[in-house]
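2 protein chains.
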Amino acid sequence: MRYSELFIPTLRELPAEAEVVSHQLMLRAGMIRRLTAGVYSLLPLGYRVIKKIEAIVREEMDRSGAQEVFLPALNPAELWMESGRWHVYGKELFRLRDRLDREYCLGPTHEEVVTDIVRKDIRSYRDLPLNLYQIQTKFRDEIRPRFGVMRGREFLMKDAYSFDVDDQAADVSYRKMYDAYVRIFRRCGLKFVAVEAESGPIGGSFSHEFMVLADTGEDEVVICPKCGYASNVEKARFAVEETGSDDDATEPLEKVLTVDLRTIEEVSSFLGCEERRLVKTMIYLADGKPVAALVRGDHRVNENKLKEHLSCEVIELAGEEIILRETGAPEGFSGPMGVDHLPVIADWALRGMKNMVVGANEEHYHLTGVNLGRDFSPTSFADIRMVERGDRCPQCGGELEFCRGIEVGHVFKLGTKYSKGLGATYLDVDGAVRYIVMGSYGIGLARTAAAAIEQNHDADGIIWPMPLAPFQVLLLPVNMNDPVVRQAAEELYQQLEEGGVEVLLDDRDVRPGVKFKDGDLLGIPLRVTVGSRYKERGVVEIRTRADRHVERVAKDGVLAMVRRMIRQLTGQAQGE
Amino acid sequence: MRYSELFIPTLRELPAEAEVVSHQLMLRAGMIRRLTAGVYSLLPLGYRVIKKIEAIVREEMDRSGAQEVFLPALNPAELWMESGRWHVYGKELFRLRDRLDREYCLGPTHEEVVTDIVRKDIRSYRDLPLNLYQIQTKFRDEIRPRFGVMRGREFLMKDAYSFDVDDQAADVSYRKMYDAYVRIFRRCGLKFVAVEAESGPIGGSFSHEFMVLADTGEDEVVICPKCGYASNVEKARFAVEETGSDDDATEPLEKVLTVDLRTIEEVSSFLGCEERRLVKTMIYLADGKPVAALVRGDHRVNENKLKEHLSCEVIELAGEEIILRETGAPEGFSGPMGVDHLPVIADWALRGMKNMVVGANEEHYHLTGVNLGRDFSPTSFADIRMVERGDRCPQCGGELEFCRGIEVGHVFKLGTKYSKGLGATYLDVDGAVRYIVMGSYGIGLARTAAAAIEQNHDADGIIWPMPLAPFQVLLLPVNMNDPVVRQAAEELYQQLEEGGVEVLLDDRDVRPGVKFKDGDLLGIPLRVTVGSRYKERGVVEIRTRADRHVERVAKDGVLAMVRRMIRQLTGQAQGE
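If you read the protein sequences in the order shown, they are chains A and B. The first sequence: position 400 = 400 (our numbering), numbered continuously. Take the position in the second sequence, starting the count at 1, then add 1000; the result is the number in our numbering.
Derived by calculation from the structure, the hints in this document are not laboratory data. Take these hints with a grain of salt, some might be off.
Below, a list of computed lysine-lysine pairs in the BS3-like style, where the Cα atoms sit at most 25 Å apart [to be verified]:
1) Lys1138/B - Lys51/A
2) Lys120/A - Lys1191/B
3) Lys1138/B - Lys138/A
4) Lys1051/B - Lys1191/B
5) Lys1138/B - Lys91/A
6) Lys51/A - Lys1051/B
7) Lys1051/B - Lys52/A
8) Lys138/A - Lys1051/B
9) Lys52/A - Lys1191/B
10) Lys1191/B - Lys138/A
11) Lys517/A - Lys1517/B
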């Protein structure tokens, strides 16, 4: 296509509204424009990238056996009341009324709608398995929309829903989606990991997040470079180690005055001992009932793990009043001794510790020389702490690395949450009525484009991985008013177009500097320059955007060279 | 694909909710399901058809030079207030508030959003012309959603917006879209006409509707089979004829008692004269000001034409009170004599009439022997009546035909309505600020699919035009449990798939009758049956869905024959 005919409103200045680099560059490269908070229009260049992602997603979904549908955004309130989410979803749900005052929400996800279809039209085990997917607009009234299309309030999503006869079959469907997602992000040319994850408000038994790795990512993940284990920090497991002790003997229990010293830091520095000698006692409410959670002084409680261990729905820190009532002391002085009326959950790391320091359950006092067995015994031991730097892989013992990522995909095993809520059943081989077992699978399309930019850019602009680039080649005649240059450019343009190369001809009558700057900003992987070298020596320059490697070739060699470089860059991006 | 793996929930019974045939068949063929009033999910088979239409639309839009974008459904209220449509659009606009109580509507069309982009990013005449299009979901809270996807409240639409420097350039853009639409509907394989139309609430100076012809269509259109002139009845022009008269002389004016006779029928039958001898005098309010409109007794006023003639915004019939005030008599007795204080607009047909019968502007009286010039002179003559059967073509004089159609596309020349409202300007060659001249162009995608069914079906089901068919071939092995039949079917399936034919293999273990019935219902244009004839004589049957023509060929000849028939049916549908 011709640059002069395309609507690519590039910006010179850094847009004030944009905080992160992908947002800045998408605005500057004329890919998107903001309509209102968290709501963006995709302009021609931006939509070209989305369509590339869409095509890859669609091919891999079809290949996995999923079938494409298109579900409405307007969802009737009754359906969401049936599933129970009308009230749970809170303010994130956009709600509206029609002219007859009937209530609707704008679908933030489509479990309800798709389950409604399935419960009406699926009868028998013979109709299963089934996987329905769509590429469609979602609406979520985010409390803090930000980072452009990264966290928008209206966004394009590929969502898929699997329906199976039982758990085992559902695992097969889950695995198929997992594998399709691996193929999708690999084909997109992105560096990513699939991490074990919490399933969050969508619910369900287990899930994986697909994270595009980028230093600017919102999420922290741990990966084991040795065996490939990867996890969201929220969910990360590690090789459990007991702390052990250098002390030979157990010291006697002592009560020490620690006036107004509440934090681990304050107490350890006052006592002149390492933080790891202390034990934090946190009082939580598990579904409203108080429990005590013990972790080492230098560790942090992982509330998700604690919740899972206690098999409860809601876990939250207890307030001042409850702490006082349950322990007899204000916050900062809780300890495991004298709270036998509470379940006491101790982290594995406490095993083998000797002579611990704990709160005395009495204001301004701590206890030292506290020992397991002699002084207290927890109700149970469990892994209830967050992963920390230095922890080792739960699978192979290798040292875990921390890095940052951007969530672009999420696969959930839902189980029977929605089929029970909405009554989606089938008749099994024996004619018995059974609940359908579900899974749900999402990919944010514009988010993937933004993540690709976070991962691939430099000071001058975007560096598209070849598979996502809006054009493969930018053909840049330095001066269209020079008849020799112009003719060569037009000939090359025709050759490349006819050769099936996606080429953008910068035919604008602007200064060369503007063309070079815009070209780097747009991030098209290959640039073919027709300039003075062509006039002098008949040579055209082909430059890679990523490593600025320059090849000089005669005009007739351009198509072949470009094709080879496209193959090469595609292969590189896809990790071949 | 294999039928057993596809989600095609066909229905035997006529769905109670469906009034029109396309709605019934789309439900019965498992193409769509209703979520709530006027809101439908597209199931796999339905979405396959939509994607075929989408692909044709996209190709032709791209070919016309339009650029694809994707605009948000959530539109901020302020933007619609700027254009003035927030209040004008009324209840058809879905409105909602976000968590911060800011107001939005769900876009029923996107003039505001696209003009907002253009006013911010278009600076100069060099940036024009520009045409931006999208394929996206629209929301309209129809007072009476009905006919399935034909008149839904949420629906997929291709909308395009052109931006030009002046009126002449805008006409070129309009023509490009018009031509693209002709190519689109021709390629879809539909019989259609493009008619002159009213521009309705979108506003603008002129427009054409693209109508798929079907006896069940909602709209009435007139076409001239001789020269191709076509128009919506609301807008239809015709060869204007003066009525002429058989009377030699002008009769004297007489006042006759017509107690309680108000209608043309009553008066003509009482007086024993033809209805065409009478003149109807209708009192209208044109932007609130009373006017009298005169048409022949057997004609009807065309309010759109009257409105255009008077260059007013709103035209409406005057109520009892105003009629009494302006004419001195109640409704039914109005006439052109003695209302000189009003503009009197007479239809062209009154020219040449002699000895008319009109209301006397006095209760219970009419006048006879009324003559132009002698008794009254209208303020002006104009074409202000509806087209009637027997009228002749305004272009060639041929007899106009009336037929019914379904509106599937609409092109509007908007002029500067939105660019003025929203301040979308550019600098012309001389550096002067000028308003951008716009056009807007829409196609309803699901509506096109429904219209195709209205045009192409029989008692057994759908008959898809080849270009829109969800599959080109239905491969129907009569009994998959018969190893000979099964093997032949599997071989044919592979051959056809590898030959690039879109084939649906009905591999279900159900009775042949069910397969044949479902096959006719789905409307796949070609059916390849492998049954007893194959076992006995090695012969396979290829049947066309439309005319039930059967070809018998040996198995090895199937691919070649199928390909030939696909080409032939495609050509036929596309009118080649």
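Verification of the supplied hints:
Restraint check for Lys1138/B and Lys51/A: satisfied, since their Cα atoms lie roughly 20 Å apart, inside the 25 Å limit. Our distance criterion of 25 Å between C-alpha atoms is broken by Lys120/A and Lys1191/B, whose separation comes to about 36 Å. Pair hint Lys1138/B plus Lys138/A holds up; C-alpha atoms about 14 Å apart against a cutoff of 25 Å. For the given pair, Lys1051/B sits about 20 Å from Lys1191/B by alpha-carbon distance, which is consistent with the 25 Å threshold.
The straight-line distance between the Cα atoms of Lys1138/B and Lys91/A is roughly 24 Å, inside the 25 Å bound, and the hint therefore holds. The hinted pair formed by Lys51/A and Lys1051/B meets the criterion: a straight-line CA distance of about 14 Å does not exceed 25 Å. For the hint pairing Lys1051/B with Lys52/A, the CA-to-CA distance comes to about 16 Å; that is within 25 Å, so the pair holds. This hinted pair checks out: Lys138/A and Lys1051/B have alpha carbons roughly 20 Å apart, not beyond 25 Å.
A C-alpha spacing of about 34 Å is found between Lys52/A and Lys1191/B, which places the hinted pair above 25 Å, so the restraint is violated. With a C-alpha separation of about 36 Å, the suggested pair Lys1191/B and Lys138/A falls outside the 25 Å cut-off, and the hint is violated. With a C-alpha separation of about 63 Å, the suggested pairing of Lys517/A with Lys1517/B is violated against the 25 Å cut-off.
The structure shown violates the earlier hints numbered 2, 9, 10 and 11.
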